[in-house]
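The working numbering puts the first residue of the sequence shown at 1, with every later residue one more than the last.
One thing to keep in mind: the hints can contain errors.
Said to hold, decoys possible - Straight line, CA to CA, 30 Å or less: simulated DSBU-like cross-link-like pairs of lysine-lysine: (1) K157 x K178; (2) K40 x K124; (3) K151 x K174; (4) K157 x K146; (5) K82 x K124; (6) K143 x K130.
What the hints assert, rightly or not - FRET-style restraints, in silico, Cβ to Cβ: (7) L13 x P140: 24 to 34 Å; (8) F29 x E77: 35 to 45 Å; (9) L185 x G252: 51 to 61 Å; (10) V90 x L33: 38 to 48 Å; (11) K73 x Q254: 52 to 62 Å; (12) V88 x L185: 33 to 43 Å; (13) G21 x K178: 31 to 41 Å; (14) K124 x Y101: 12 to 22 Å; (15) L94 x K174: 46 to 56 Å; (16) L13 x N166: 52 to 62 Å.
Derived from the structure by calculation, the hints contain no laboratory data. By construction, the Cβ of each residue, glycine as well, lies at the ideal position given by its N, Cα and C atoms.
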Amino acid sequence: MSATPKRMIPRLLQMALVIVGVYFGFILFFDVLLGQLIPKSLLTMYMVFVVAGVVMVFTFTEQGAQELAGPIKALVEDPSKKMMRNVVFVIVPLLAGYYTYSSMLLSFEAPVELRTIHPAPPNKFKAYGKSYNLTTLENPYRKFEKEDPAKFKELVKEGGDVYIRNCQYCHGDKLDGKGPYASGLNPTPLNFQDVGTIAQLQESFLFWRIATGGPGLPAEAAPWISSMPVWQDFLTEDEIWKVILFLYNYTGRQPRSWAHE
1 MSATPKRMIP
11 RLLQMALVIV
21 GVYFGFILFF
31 DVLLGQLIPK
41 SLLTMYMVFV
51 VAGVVMVFTF
61 TEQGAQELAG
71 PIKALVEDPS
81 KKMMRNVVFV
91 IVPLLAGYYT
101 YSSMLLSFEA
111 PVELRTIHPA
121 PPNKFKAYGK
131 SYNLTTLENP
141 YRKFEKEDPA
151 KFKELVKEGG
161 DVYIRNCQYC
171 HGDKLDGKGP
181 YASGLNPTPL
191 NFQDVGTIAQ
201 LQESFLFWRI
211 ATGGPGLPAE
221 AAPWISSMPV
231 WQDFLTEDEI
241 WKVILFLYNY
251 TGRQPRSWAH
261 E
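Please model the complete structure; the sequences and the hints are all you need to start from.
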């Protein structure tokens, strides 16, 4: 009578591979198949349920629970694994500390009193068929403000022309949120002249809001309400950047920069 064949992959490693596979499966499904970046908070919530479910499946039987706990118990109790145990007990706290530090290092969270004006964006978003990282995204035309003032002035004028043709109906020809359509909208369009609006923001934030519009607001942050169209369907990427130049230039504001945070 043949002996029971030895398990090729340890039970604990199997569980880890399943969890990692589901994690990347979520990213693949949303990012590649649906073309939408899954919000970090939503992914975290999904993974909590996944991990809990996988642990219950792998510990459903007493034998399964013993096989799963065996390597962990051996790591803690086996004297021959002292070196590995010390390495694990150093690496795990360091990884946890790094994750906590990195998650607090950069934040798009607006001040509490401005949350209704400045919803927190995702770190990444998709527009024009490609992915953008808001922590590194910069206005490609901002450099001409110092390098070539004459060209910068022309770019601002072009942005103003785009604004008058498309944006002033809601935000007003004085950028005060009092355009001819403003009274029919709830909430009313932003007043860019207010120090609490674009003066508080990076240009990358404005690009995200303009390109993706109201439908681009994070679902987990509901109820956000916005009548902003998805302008990537009507304006080019360059036109949006030029409009942003115009908004800051006309109001006399300077965009916030990560270098000054």
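Status of each hint after checking the structure:
At roughly 21 Å between alpha-carbon atoms, K157 and K178 fall within 30 Å of each other, so this suggested pair holds. For the given pair, K40 sits about 10 Å from K124 by alpha-carbon distance, which is consistent with the 30 Å threshold. For the hint linking K151 to K174, the alpha-carbon distance of about 23 Å falls within 30 Å, and the restraint holds. For the hint pairing K157 with K146, the CA-to-CA distance comes to about 17 Å; that is within 30 Å, so the pair holds.
A threshold of 30 Å between alpha carbons decides the hint, and for K82 with K124 the separation of about 42 Å lies outside it, so the pair is violated. Straight-line distance between C-alpha atoms of K143 and K130 comes to about 23 Å, which keeps the hinted pair within the 30 Å bound. The hinted range of 24 to 34 Å is not satisfied by L13 and P140, whose Cβ atoms lie roughly 47 Å apart. Evaluation of the 35 to 45 Å hint for F29 and E77 yields a pass: the beta carbon distance comes to about 41 Å.
Between L185 and G252 the CB atoms are about 26 Å apart, so this pair departs from the stated range of 51 to 61 Å. Here the CB-CB span from V90 to L33 is close to 39 Å, well matched to the stated 38 to 48 Å. Range check, K73 to Q254: about 60 Å between beta-carbon atoms, so the 52 to 62 Å window is met. At about 57 Å, the CB distance of V88 to L185 disagrees with the hint of 33 to 43 Å.
Between G21 and K178 the beta carbons are some 54 Å apart, a value that contradicts the proposed interval 31 to 41 Å. Between K124 and Y101 the C-beta distance comes to about 20 Å, which sits within the given range of 12 to 22 Å. Checking the proposed 46 to 56 Å range against L94 and K174 shows it holds: the Cβ atoms sit about 54 Å from each other. Between L13 and N166 the beta carbons are some 56 Å apart, a value that agrees with the proposed interval 52 to 62 Å.
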